[in-house]
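Student: So the protein lines, in turn, are chains A and B.
Numbering-wise, the numbering used here puts 89 at position 89 of the first sequence, and it's gapless, one number per residue.
Here the numbering used here = 1-based position in the second sequence + 1000.
No lab work stands behind these hints, which were simulated from the structure alone.
Fair warning: this is a prediction, and the values are worked out from it, not measured in the lab.
Mixed in with the good hints there might be a few duds.
Claimed, not checked - Which chain A residues face chain B? A few, computed with CB under 10 Å, are given here:
#1 T13
#2 L16
#3 L17
#4 A18
#5 R24
#6 H25
#7 A324
#8 I325
#9 G326
#10 G329
#11 I405
As the list claims (entries may be wrong) - Which bits of chain B does chain A cover? Going by a derived footprint, with three or more residues having C-beta under 8 Å, they are:
#12 1057 to 1069
#13 1077 to 1087
#14 1111 to 1118
#15 1226 to 1232
In this text, a Cβ means the ideal position worked out from N, Cα and C, and glycines have one as well.
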Amino acid sequence: MTGTSASTRLIATSALLAVRAIRRHVLRSFLTVLGIVIGVFAVVTMVTLGKGASRSVHDEVSGLGANVLTVLPGTAPGRGGGGEAPPPFKLEDVDAIRDQIGGVTAVAAQAQVSATAVFNAANWQTTVNGADNAYLDAQNWAVTAGRRFTGDEEKAGKSICLVGSTVAKNLYANQSPLGTTLRLGSISCTVVGALATRGQGGFGQDNDDAVIMPIKAVQRRLTGNREIRAIIVGADPAYDSKDIQQSIAALLRERRNIRSGKLDDFTIFDSKQIADTLASITGTLTAIVSAVAAISLLVGGIGIMNIMLVSVTERTREIGIRLAIGALGHEVMLQFLVEAVVLSCVGGLIGLVLALGASIGLSRLLDLPFVFDPLTNLTAFAFSGLIGVIFGYFPARRAASLNPIEALRHE
Amino acid sequence: MIGPGQVPLISLVGVTKRFGTGEAAFQALKGVNLDILRGDFMAVMGPSGSGKSTTMNILGCLDVPSSGSFVFQGHHIENLGRDQRALLRRRHLGFVFQGFNLLARTSALENVELPLLYRGEDKRARHTMAMAALDKVGLAPWARHTPAELSGGQQQRVAIARAIVTEPAVLLADEPTGNLDSERSIEIMELLTDLNRNSGITVLMVTHEPEMASYARTIVHFRDGMVDRIERKAA
Chain A
1 MTGTSASTRL IATSALLAVR AIRRHVLRSF LTVLGIVIGV FAVVTMVTLG KGASRSVHDE
61 VSGLGANVLT VLPGTAPGRG GGGEAPPPFK LEDVDAIRDQ IGGVTAVAAQ AQVSATAVFN
121 AANWQTTVNG ADNAYLDAQN WAVTAGRRFT GDEEKAGKSI CLVGSTVAKN LYANQSPLGT
181 TLRLGSISCT VVGALATRGQ GGFGQDNDDA VIMPIKAVQR RLTGNREIRA IIVGADPAYD
241 SKDIQQSIAA LLRERRNIRS GKLDDFTIFD SKQIADTLAS ITGTLTAIVS AVAAISLLVG
301 GIGIMNIMLV SVTERTREIG IRLAIGALGH EVMLQFLVEA VVLSCVGGLI GLVLALGASI
361 GLSRLLDLPF VFDPLTNLTA FAFSGLIGVI FGYFPARRAA SLNPIEALRH E
Chain B
1001 MIGPGQVPLI SLVGVTKRFG TGEAAFQALK GVNLDILRGD FMAVMGPSGS GKSTTMNILG
1061 CLDVPSSGSF VFQGHHIENL GRDQRALLRR RHLGFVFQGF NLLARTSALE NVELPLLYRG
1121 EDKRARHTMA MAALDKVGLA PWARHTPAEL SGGQQQRVAI ARAIVTEPAV LLADEPTGNL
1181 DSERSIEIME LLTDLNRNSG ITVLMVTHEP EMASYARTIV HFRDGMVDRI ERKAA
């Protein structure tokens, strides 16, 4: 008999004995591995949900379009400032950004006002964005039905509009909005196009709850002024959006005569930065929760050691019998070690199955995508086996070192 | 009496055993000389503390002498290590205990198969040999029963089946009838006698009861850590 086949046989024998011992004490075995079950379950569920959340953030951001910078007048909340309201932007600012900053794909001025949209008997409170085709380009926002504005219509400021999917759903139900006349506050406009659904924005707002009109029409007929409330800048993904952000800031400081040492009186939001921040928050939270869950895995391992030690004491006589009829020390040791590993692996498997069910259910409940990560599952399983080896070793060694005469005398 | 041409199966010469050290030291054996012939049925008797259990542990390779020599089948084994003694037990010795010592919640068959498992027999061979051993002790129909479902006498017979399943040279029985009533005791003694006569197994048995010792061919009396006297029955 070769050494390999002998040791294979030894392990097979140990596995057989271990499985028999576990079967003989089903309830105790289950209680032994409960800690591992809960530990693996908690870790895998948390990691899976965390990955789902990250994926969800990622998806939302790619839905926003390549990379969008939003320039708003005023300081970001929390940065102090206050005092008199900062001046709005001018159309020339928009042109300057378009002409002087590299790496921008589209620059659009935006005027914004809330209005009640009415169609037939239905009405819906929404936001009217005064913009142009560059606004759609900057955000990769497609028109799914109908058409965009023409250059002439933009210049003339005609009363036409594009409706977002939330508005369309609430006012038109299943009917096509194209060609209908929509009342927005005190004016009316003809719907020429329907916009693609973009989903939730980085701040949780509904991007599709909007109507877009040529900016001149909005300024003239709804806001009554020529103020530009925001500049939307599409960034070329080949460029670092941070550089673009700095260039725009420098340009606007110059145009708005802000002396050096004074704070900006405008704020630039970068969709990529927001997404990165959200993703890193999600990642950190996942890591923290998983770490807490991992502690229960450790506790589970100690539980196994505890019960295995009790088991060795309780089965002292059995060990004595085995040794007396000719079991070698390392055979007894291997039996107990394999028993611990089999137990913890079974516990790990149960934990994985429970985690799979819980992750699918919770993902649905929390409206997150379910991301099955084989590596996470494999790692958790391997880790549970490792715990069996580590915490099974000490009890197994104790079993193997028993004196057969004393073990047989043990009551 | 041992004839001049006969080589004993087991030979103890000047065996001593000392437990503990210093003040608490206890001399359990003070020089035991004993020859055991192949095919003998030997009863070991003596009061508690006379050294009979210590001698049996040494003969069973569960313990080693402090000094003296222990020859088994012509080999000196007094200095063997733990694993070597285990291998010797596995190949040549069978054990029967007063308390039966079967694995609980384990069928008679699996109990009897246990020594074969450590010998590396495959599943089919294990089953065949274990069933044959159970048949020998008259318990083949009870193979699937666990110890809790068997009477004391039946449990001891399962234990005997486990001891003989490896076809050992020597069967060591430590008060095998100590937990049984007289009727079951007689059954067990008859079984041991049968194994000794018809299967050629050398039987070494510790007992307190002269009635049980009377089944043996040789009776060794221990006193104060030494062999006091040996009775041999005419064949």
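Student: A separate judgement is required for each hint: does it hold in the structure or not?
Tutor: Here is how each hint holds up against the structure:
no.	hint	result
1	T13	6 Å, holds
2	L16	7 Å, holds
3	L17	7 Å, holds
4	A18	12 Å, violated
5	R24	5 Å, holds
6	H25	8 Å, holds
7	A324	5 Å, holds
8	I325	5 Å, holds
9	G326	3 Å, holds
10	G329	6 Å, holds
11	I405	5 Å, holds
12	1057 to 1069	holds (count 4)
13	1077 to 1087	holds (count 4)
14	1111 to 1118	holds (count 4)
15	1226 to 1232	violated (count 0)
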